[in-house]
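Which chain is which? The protein sequence lines are A and B, in order.
Quick note, the first sequence lines up with residues 1 to 304 if you use our numbering.
Quick note, the second sequence lines up with residues 1 to 298 if you use our numbering.
Derived by calculation from the structure, the hints in this document are not laboratory data.
Worth double-checking, as some hints may not be accurate.
The list that follows gives simulated cross-link-like pairs (lysine to any residue, SDA-like), each with its CA atoms no further than 20 Å apart [as the list claims (entries may be wrong)]: (1) K198/B - R208/B; (2) K200/B - T200/A; (3) K198/B - G122/B; (4) K198/B - A6/A; (5) K23/B - F41/A; (6) K200/B - P103/B; (7) K23/B - V196/A; (8) K200/B - L11/A; (9) K55/A - V39/A; (10) K23/B - W201/A; (11) K198/B - G4/A; (12) K23/B - L33/B; (13) K272/A - F41/A; (14) K198/B - I3/A; (15) K198/B - G10/A; (16) K200/B - I3/A; (17) K272/A - G154/B; (18) K272/A - L46/A; (19) K23/B - G197/A; (20) K272/A - L147/B; (21) K272/A - Q150/B; (22) K200/B - L182/B; (23) K198/B - T200/A; (24) K23/B - K272/A.
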Amino acid sequence: MHIGDAVFAGLARFSGGFVLVLLGAIIVVLFYGGFAAFVQFGPLFLVTASWDPVKEVFGAAVPVYGTIVTSILALLFAVPVSFGIAFYLTELAPVWARRPIGTAIELLAAVPSIIYGMWGFFVIVPVMAQYIQPPVIDALDGIPVLEDLFAGPPFGTGILTASLILAVMIIPFIAATMRDVFETVPPVFKESAYGVGCTTWEVMRSIVIPYTRVSVVGGIMLGLGRALGETMAVTFVIGNTNRITTSLFGPGNTIASIVALEFPESHAGSLKLSSLLALGFILFVISFIVLAISRVLLRPRLKA
Amino acid sequence: MSATATHPGTVPGPAKDQTVAHKLGRRRGRTNLIIQVLCVLATAIGLLLLASILFTLLWRGVGGISLNVFTRMTLPPGSNGGLLNAIIGSIIQTMVGALIGTPIGLMVGTYLAEYSAGSMIGNAVRFVSDVLLSAPSILIGLFIYELAVQPFGGFSGIAGCLALAVIVIPIVVRTTEDMLRLIPVALREAAFALGTPKWKVIVLICYRGARDGIVTGILLSIARVAGETAPLLFTSLGNLNWSLSLAAPMASLPVTIYQYAGSAFDDWVQLAWVGALLITVGVLAINVAARFMLRGGR
Numbered sequence: 001m002h003i004g005d006a007v008f009a010g011l012a013r014f015s016g017g018f019v020l021v022l023l024g025a026i027i028v029v030l031f032y033g034g035f036a037a038f039v040q041f042g043p044l045f046l047v048t049a050s051w052d053p054v055k056e057v058f059g060a061a062v063p064v065y066g067t068i069v070t071s072i073l074a075l076l077f078a079v080p081v082s083f084g085i086a087f088y089l090t091e092l093a094p095v096w097a098r099r100p101i102g103t104a105i106e107l108l109a110a111v112p113s114i115i116y117g118m119w120g121f122f123v124i125v126p127v128m129a130q131y132i133q134p135p136v137i138d139a140l141d142g143i144p145v146l147e148d149l150f151a152g153p154p155f156g157t158g159i160l161t162a163s164l165i166l167a168v169m170i171i172p173f174i175a176a177t178m179r180d181v182f183e184t185v186p187p188v189f190k191e192s193a194y195g196v197g198c199t200t201w202e203v204m205r206s207i208v209i210p211y212t213r214v215s216v217v218g219g220i221m222l223g224l225g226r227a228l229g230e231t232m233a234v235t236f237v238i239g240n241t242n243r244i245t246t247s248l249f250g251p252g253n254t255i256a257s258i259v260a261l262e263f264p265e266s267h268a269g270s271l272k273l274s275s276l277l278a279l280g281f282i283l284f285v286i287s288f289i290v291l292a293i294s295r296v297l298l299r300p301r302l303k304a
Numbered sequence: 001m002s003a004t005a006t007h008p009g010t011v012p013g014p015a016k017d018q019t020v021a022h023k024l025g026r027r028r029g030r031t032n033l034i035i036q037v038l039c040v041l042a043t044a045i046g047l048l049l050l051a052s053i054l055f056t057l058l059w060r061g062v063g064g065i066s067l068n069v070f071t072r073m074t075l076p077p078g079s080n081g082g083l084l085n086a087i088i089g090s091i092i093q094t095m096v097g098a099l100i101g102t103p104i105g106l107m108v109g110t111y112l113a114e115y116s117a118g119s120m121i122g123n124a125v126r127f128v129s130d131v132l133l134s135a136p137s138i139l140i141g142l143f144i145y146e147l148a149v150q151p152f153g154g155f156s157g158i159a160g161c162l163a164l165a166v167i168v169i170p171i172v173v174r175t176t177e178d179m180l181r182l183i184p185v186a187l188r189e190a191a192f193a194l195g196t197p198k199w200k201v202i203v204l205i206c207y208r209g210a211r212d213g214i215v216t217g218i219l220l221s222i223a224r225v226a227g228e229t230a231p232l233l234f235t236s237l238g239n240l241n242w243s244l245s246l247a248a249p250m251a252s253l254p255v256t257i258y259q260y261a262g263s264a265f266d267d268w269v270q271l272a273w274v275g276a277l278l279i280t281v282g283v284l285a286i287n288v289a290a291r292f293m294l295r296g297g298r
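Next up, chain A with everything else stripped away, as it sits in the complex (with noise of 0.2 Å):
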């Protein structure tokens, strides 16, 4: 075998090892900063909805429920609006308007962050405390459930403004891929069911959602993904509240944008840092589960 060759296949499979000590590397670190936490607290950790740095006790109860509620409640808001931008790039565009469409939806997704955070704090949060929250707390005012839903102050920041903006982020994320698998349909299918007399929906919902069922899962699923782990545009206006509020207007924390609130206040070797890389443990593994899922059930349809 010729010297160079060695090297070269030595140095790409090396590569690749290391891909794999990587995220071998990031678990057993996150877990090895928490393990304090978790000898301290133990399983109760997780249900510990606590978050006490005089007391030190810390638990996971509320930012995790914080982290899952306002991923949920991004996906209701941006999974239809996702499926519309799909189905309208792919069926009813014009032709010559799909790419400047597509591309405007993609550079969505390009935005940093910290700018959505800002556009959030400082264009949304407003607009929900002026014109949104009154109306709907007066609205519910006395309806048992909504009520307590909806109760609170109308500060503008809270988790259904966290959730808003995270949906804004994650909609070109589904919608590209929705777009890609979309697309994937044969076209004589869609042909067919045309020839027999489909309108463009019946075409959608018999011939296109049936074959691409899977993959729009997948699709979904990453957008859960990217939610789950998202953190500045969070930190800005989730209102950091260490405690479960029932109101979907009142404050909260996500796993994200606690580790992102606390860290500058926490010091090196300390039972509150041990907790917020527990907090991080606790956080890779949701999401490395959610991505992982997300991955299987693309793969097949986009490889094709």
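Put chain B on the given structure of chain A with help from the hints.
For chain B alone, coordinates are given in the frame of chain A:
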């Protein structure tokens, strides 16, 4: 057409009664129209959001642009400071991060496209790289903090570069592998037939053929890390003073924007908007340029 056959209820056959047929046709047409309008609305929402973000940035940012922004350092509120050290710090960290991450990403992509055919390890590497592509960037920051900040007793520019490099790698891997796979096998075989060693085939033929695509990937990765804030909070931290040392804390545009935007001082908030405008224009410009390049290359 098995797909329609499995949903017999969705596409009703012709009705015997003409009035029923007309009603049904109208209802189907109406449903179709309503959904199409909703889809146009959804797209309009998406475009409006982008427009709103760009408009907000221009509206708040343009007024604050002055020579001071580019020639003066970050200073205490009220003393007419600029963003010079933040801009330089961002450029240094982005470039060094890309310089560290790109060769690794390139080699991993090469491994996946040229050396891993069907192997278990190859599939595992591809899987892990895909997951890292979307992994929360704040956790990369925590990882590098534990690895390169805590053991060495302080925040440093190089730690920031390392964090950004970790983010660069999977992006470069993805595009490199995809682009190498587009190179026709016949081209490789022609070169092999002349007795060219494999590494020369890859470097001289495959890389050259895939150059535009690979460069696009590198540009996109630079655009992505240039706006990253979360991983820098725990690594390079930020620095209000002039410092080019990679061993000391280093300022960066996104972290400075974060600190200034949350402050109570009007001139700091104004500078944050200017910084936000600069970074967004830069990132979007790189993205558009990369897209044009890829289109030209195909």
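Here is what the structure says about each hint:
1. K198/B - R208/B: holds, 14 Å
2. K200/B - T200/A: violated, 52 Å
3. K198/B - G122/B: Holds, at about 18 Å.
4. K198/B - A6/A: holds, 10 Å
5. K23/B - F41/A: The given pair, whose Cα atoms are some 66 Å apart, is violated under the 20 Å limit.
6. K200/B - P103/B: Given that 20 Å is the threshold and the Cα spacing comes to 17 Å, the pair holds.
7. K23/B - V196/A: Since the Cα atoms of K23/B and V196/A sit roughly 18 Å apart, the hinted pair holds (cutoff 20 Å).
8. K200/B - L11/A: holds, 14 Å
9. K55/A - V39/A: holds, 17 Å
10. K23/B - W201/A: holds, 18 Å
11. K198/B - G4/A: This hinted pair holds, its Cα atoms lying about 9 Å apart.
12. K23/B - L33/B: Roughly 15 Å between the alpha carbons, so the hint for K23/B and L33/B holds.
13. K272/A - F41/A: Status holds; Cα separation ~12 Å.
14. K198/B - I3/A: holds, 11 Å
15. K198/B - G10/A: Holds, at roughly 13 Å.
16. K200/B - I3/A: Between K200/B and I3/A the Cα gap is close to 12 Å, so the pair holds against 20 Å.
17. K272/A - G154/B: holds, 18 Å
18. K272/A - L46/A: holds, 15 Å
19. K23/B - G197/A: Distance ~16 Å between K23/B and G197/A Cα, so the pair holds.
20. K272/A - L147/B: Cα-Cα ~18 Å, so holds.
21. K272/A - Q150/B: Roughly 15 Å separates the two Cα atoms, so the pair holds.
22. K200/B - L182/B: Cα-Cα ~18 Å, so holds.
23. K198/B - T200/A: violated, 51 Å
24. K23/B - K272/A: Violated. K23/B to K272/A sits at ~67 Å, over the 20 Å cutoff.
Checked against the numbered hints listed earlier, the structure breaks hints 2, 5, 23 and 24; every other hint is satisfied.
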